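Whole structure, please, built from the sequences with the hints as guidance.
Chains as they are written, first to last, in numbering that gives the first Met the number 0: chain Y, 0 to 484; chain D, 0 to 484.
What you were told as hints is all true, and nothing was included just to trick you.
Identical copies go unnamed one by one, so any copy, or any two together, can satisfy a pair.
With a cut-off of at most 25 Å between alpha-carbon atoms, the simulated DSS-like pairs for lysine-lysine come out as follows:
1. Lys65 with Lys18
2. Lys51 with Lys138
3. Lys467 with Lys477
4. Lys41 with Lys322
The hints are simulated quantities; they were obtained by calculation from the structure and are not laboratory data. Being a predicted model, the structure only gives us computed values, none of them experimental.
Read off the chains here:
There are 2 protein chains.
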Amino acid sequence: MPEKTDYRMTAEEFRRHGKAMVDWIADYYARIESFPVLSQAKPGQIRAALPKSAPEHGETFDSMMKDVESVILPGVTHWQSPNFFAYFPSNTSYPSILGELLSAGLDVQGMLWATSPACTELETHVLDWLVESLALPEKFKSSSAGGGVIQDTASSSSLCALLAARERATAYASNENGCDGRLVAYTSSQAHSSIEKAAMVAGIGRANLRLVPVDEKFAMRPEALAAAIQQDIAAGRVPFFVCATLGTTSSNGMDPLPAIGAICREQSIWLHVDGAMSGTAALCPEFCWIQDGLEFADSYTFNPHKWMFTNFDCNCFYVADRKALIHTLSILPEYLRNQATESGAVIDYRDWHIQLGRRFRALKLWFVIRHYGLEGLRFHIRRHIELAQKFASWVSEDSDFELAAPAPLNLVCFRHRGGDGINETIMSRLNKSGDLYLTHTKLRDRMTLRMCIGQTNTELRHVEQAWKRIREEANAAKKLSQSAR
Amino acid sequence: MPEKTDYRMTAEEFRRHGKAMVDWIADYYARIESFPVLSQAKPGQIRAALPKSAPEHGETFDSMMKDVESVILPGVTHWQSPNFFAYFPSNTSYPSILGELLSAGLDVQGMLWATSPACTELETHVLDWLVESLALPEKFKSSSAGGGVIQDTASSSSLCALLAARERATAYASNENGCDGRLVAYTSSQAHSSIEKAAMVAGIGRANLRLVPVDEKFAMRPEALAAAIQQDIAAGRVPFFVCATLGTTSSNGMDPLPAIGAICREQSIWLHVDGAMSGTAALCPEFCWIQDGLEFADSYTFNPHKWMFTNFDCNCFYVADRKALIHTLSILPEYLRNQATESGAVIDYRDWHIQLGRRFRALKLWFVIRHYGLEGLRFHIRRHIELAQKFASWVSEDSDFELAAPAPLNLVCFRHRGGDGINETIMSRLNKSGDLYLTHTKLRDRMTLRMCIGQTNTELRHVEQAWKRIREEANAAKKLSQSAR
Chain Y
0 MPEKTDYRMT
10 AEEFRRHGKA
20 MVDWIADYYA
30 RIESFPVLSQ
40 AKPGQIRAAL
50 PKSAPEHGET
60 FDSMMKDVES
70 VILPGVTHWQ
80 SPNFFAYFPS
90 NTSYPSILGE
100 LLSAGLDVQG
110 MLWATSPACT
120 ELETHVLDWL
130 VESLALPEKF
140 KSSSAGGGVI
150 QDTASSSSLC
160 ALLAARERAT
170 AYASNENGCD
180 GRLVAYTSSQ
190 AHSSIEKAAM
200 VAGIGRANLR
210 LVPVDEKFAM
220 RPEALAAAIQ
230 QDIAAGRVPF
240 FVCATLGTTS
250 SNGMDPLPAI
260 GAICREQSIW
270 LHVDGAMSGT
280 AALCPEFCWI
290 QDGLEFADSY
300 TFNPHKWMFT
310 NFDCNCFYVA
320 DRKALIHTLS
330 ILPEYLRNQA
340 TESGAVIDYR
350 DWHIQLGRRF
360 RALKLWFVIR
370 HYGLEGLRFH
380 IRRHIELAQK
390 FASWVSEDSD
400 FELAAPAPLN
410 LVCFRHRGGD
420 GINETIMSRL
430 NKSGDLYLTH
440 TKLRDRMTLR
450 MCIGQTNTEL
460 RHVEQAWKRI
470 REEANAAKKL
480 SQSAR
Chain D
0 MPEKTDYRMT
10 AEEFRRHGKA
20 MVDWIADYYA
30 RIESFPVLSQ
40 AKPGQIRAAL
50 PKSAPEHGET
60 FDSMMKDVES
70 VILPGVTHWQ
80 SPNFFAYFPS
90 NTSYPSILGE
100 LLSAGLDVQG
110 MLWATSPACT
120 ELETHVLDWL
130 VESLALPEKF
140 KSSSAGGGVI
150 QDTASSSSLC
160 ALLAARERAT
170 AYASNENGCD
180 GRLVAYTSSQ
190 AHSSIEKAAM
200 VAGIGRANLR
210 LVPVDEKFAM
220 RPEALAAAIQ
230 QDIAAGRVPF
240 FVCATLGTTS
250 SNGMDPLPAI
260 GAICREQSIW
270 LHVDGAMSGT
280 AALCPEFCWI
290 QDGLEFADSY
300 TFNPHKWMFT
310 NFDCNCFYVA
320 DRKALIHTLS
330 ILPEYLRNQA
340 TESGAVIDYR
350 DWHIQLGRRF
360 RALKLWFVIR
370 HYGLEGLRFH
380 IRRHIELAQK
390 FASWVSEDSD
400 FELAAPAPLN
410 LVCFRHRGGD
420 GINETIMSRL
430 NKSGDLYLTH
440 TKLRDRMTLR
450 MCIGQTNTEL
460 RHVEQAWKRI
470 REEANAAKKL
480 SQSAR
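Dropping the structure here:
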């Protein structure tokens, strides 16, 4: 950029502020444990500290960073704190931040191959790498009939899977004439809410999404799925889509893919598999069992932005038949026509998702994989799982607590034996203390605490401290409820 | 982050590599004019230079940056080059890059207010600022019944508008039972392809999207719209959605909102307005006329990531009735329940779009507005429009060329009078030369060149040079075709 011109930040200023920002971020990670993990801000607090109107005149960068410190930080829930155990993680790492910075600097649009060939080819390449590294079925590789794409979230890619399934089932007539109301989709009662949302968005309707019951491990019952399908067929409806989950959000339940897959194949139903967080575990051979039966799947999605040290957003979506996906989502107006596209020799990723525009997200994923190497990634995944297993053993050895579900990987569902009220108190007191952050779910209608261990910098000491604090708050809550009697 | 631990990048290394990356980016902008604007890479070239498998062992950051230089850069089309005149711009600026870096550093998930109150409140606040700064209707402010949200692209927010319209028209029965095939949508024949895609995705079907004819200025004919609606009603169909465009992609055509709005109001049809690029012009009072009639709109979308110096992705989406949008897209599983949400006192943005997860995108927009100030933003918008008007005058004064459409703002559609062939040759030779990048469209079935001026660093000299090069290639092409006779 040219030096000092009207209103623009000069290169010199950018160098100075940029380096200060890099230091600010490193300092942030150094002091991250000093903040309450869950922001203690009150509704409206941040807005109240901001001027009512946009500034007419430019302000200094220092004044902006001052506001970041005093106004923004108190309103931040620290997802990158090693004491963050809520939801699923959304972790990152330094190499990923650098990849995002580079992507913002280049700021290219990867909608077409031609609009930045490297943006497309690096993405295809790294997603092919991951097919190998995760031991995914070969059919998801771009060298076969399938391929992978980076989307923003599993919500979006599951929607795309459902759309491609819808079109395959109707010979592409739904795109043309709209939905006809006979299509029926299936997922388990424990599936992520995004599947219901996808059914709504795609014009299928949530009444046409069957929530198949689960077994004692919160895994879909294949015989219940088969029965539901038979019932629908008998009623003249058209089963077209099943979404199975590898690691449900509530409890990390693992749907049995071999049995579900066999049913889908018999009925020619599109099988989509959602491995949003847990999919990353398959980097380690000893956890590849979660993918047993994935060879039946038509599509698969998992999020490096959850548990693979790559900052949000970075979702990987694979299809076995890329033509079905492209045929579903392709639109080619004149202003996007170009030689490379017409040649058929390239991938134009705008036909692989809802959006047209797209960032160069492969850079950060490439940086992360290259920085850690597969052995480094495996090291950390194993460490997280080890910590979670340790935590689960403490829970099961404590007579006040119980495990609420199996903990196959890094999520531990547990509860105090004292009932819903005490568990609610424990959670609320812990989160208000700022020492750690965990969230809840309901399993068999009972309040259940979730401890998910996957933050980049979580160490044994953080998990030990969390367990100590949980027991402390349990004891305090017990005393409170006794004195209230 | 802890110092030196297994496989992780240390804080010390991050500081070093991060500062080097900041310098790399500043250096990149200093040498950006030395690259061919349109990448000259051949299909497969980038992939051929990459190892077949992911590395087992970690690599140095220096080796990664070496590959960025030698493998990635030749595959980059330089959207930030001041010689980029293709499509619509997707511009950025140094303050925006710093905002993106900060966002990547904090890496919070803003799906719920509680998961980072600042992420939600800053977004609401800055979008309220823009209602004022752009002189948008008051009803789009969060203090009224409406409000704004940052989405990734106009494709996504137009889809959300269409979904909310679908639900309002069917009393929320489509979400429940699926589409019933009677709904009909309308947009002009010049509208962005994303509207057709939205109709497909939402289960409406593209056969139920009427492409209303345009007038000599490529603006929708309101009387044709009214007639199409009457015809559909007479046939028992249900008109539910009209998308009007402020600044079509092909030619910057401006649909007449007052007339279209009156029709929509009379028929209770949801009016969505797409101002993707041109919307930014309304920062300047003298260009606010493009928004005449916007008070009729139920929703509005424009992209700061196109022409407001904020890097992709940053789309602003406004609705007049936020409840309609939220009711359409809301899903509340147990694991996302929390006190703040139940209190009703906060916004949970995950109910405002398709995705669940979301980045802290308001930071970069806030940085850009504060750095430039409104006067700085206006200065650059005016400059771009001035340059485009200058370019248009050169075209119209040259007897070899003609303007192919009015140029109300910063897009000039023009052609050589020698026919489609010579225009194709001119474009292809220019883009192959690497000196500049422009793209084409078809207007009244004739090949038309598009010169869109909106890159952050484009100056008069770049536009002058572009016009010189266009005439050179035109003369060369003329000679070629003469000698071929």
